[in-house]
Amino acid sequence: MTVDYQLKHGAGSHLVEFQLSSGRGSLLADPFINAQNSIERSVSDTRWTDRSALSPVVLHPDLDAALCEPILDHPALAPDRWADEAERFLVNTLNTAIERIKAADGDLTDLMPEILSYLSVVASSPEAWERQREWLVGLRDTTSDIIAAGTLPESSASAWQLLGSAIQAAVSHRPDLIDPVAALEASIR
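Counting along the sequence shown from 1, when you hit position 117 you're at 187 in the numbering used here, and nothing is skipped either side.
There's no promise every hint is true.
Stated by the list, open to error - Pair ranges (Cβ atoms, derived):
hint : residue 1 : residue 2 : range
1    : 92        : 249       : 35 to 43 Å
2    : 126       : 218       : 48 to 56 Å
3    : 88        : 255       : 26 to 34 Å
Treat the hints as calculated values from the structure; they're not laboratory data.
Each residue gets a CB set at the ideal place from its N, CA and C atoms; glycine is no exception.
Using the sequences and the hints given, assemble the complete structure.
Structure below.
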């Protein structure tokens, strides 16, 4: 890139600006092609510079006419339909978390949203829950003792406590209280 080009257009990453109200985009600067024929600027992120104008979503009439009523009652939509698969994934993911404790890391923050997603499905199936109940309650009690001993870092302890609360919700037959989204939010912090 030449100095003249940089002075005229800058070296930032603003290449196109879209007007949200109209949906039209315009080039802010001509793209620069270097000697290797690659573009000087690439899109590395997207940022909103202004609030979107509130406008209704309107489907094309052909698409609207082709829509069917939603299917709300089907065996594949039953809460425990995928319990066997979720049970296998839950056991495998928790075994990974246990290996982390043995390796003195103990951090399952990144695994927690996944674990809670599986646990909520397993807890919704009486059969799957009964197969895993004893093991999960034992895991909750063991990790609770480890946390009380203070041998885990605070972030790891918080994640294990979240799992303990989720297991307690399952014990209480309240899988609706298991919140994978809260675990995801905690893992981002």
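Exercise for the section: Any hints from earlier that this structure breaks? Give me their numbers in increasing order, please. Expected result: Structure breaks no hint.
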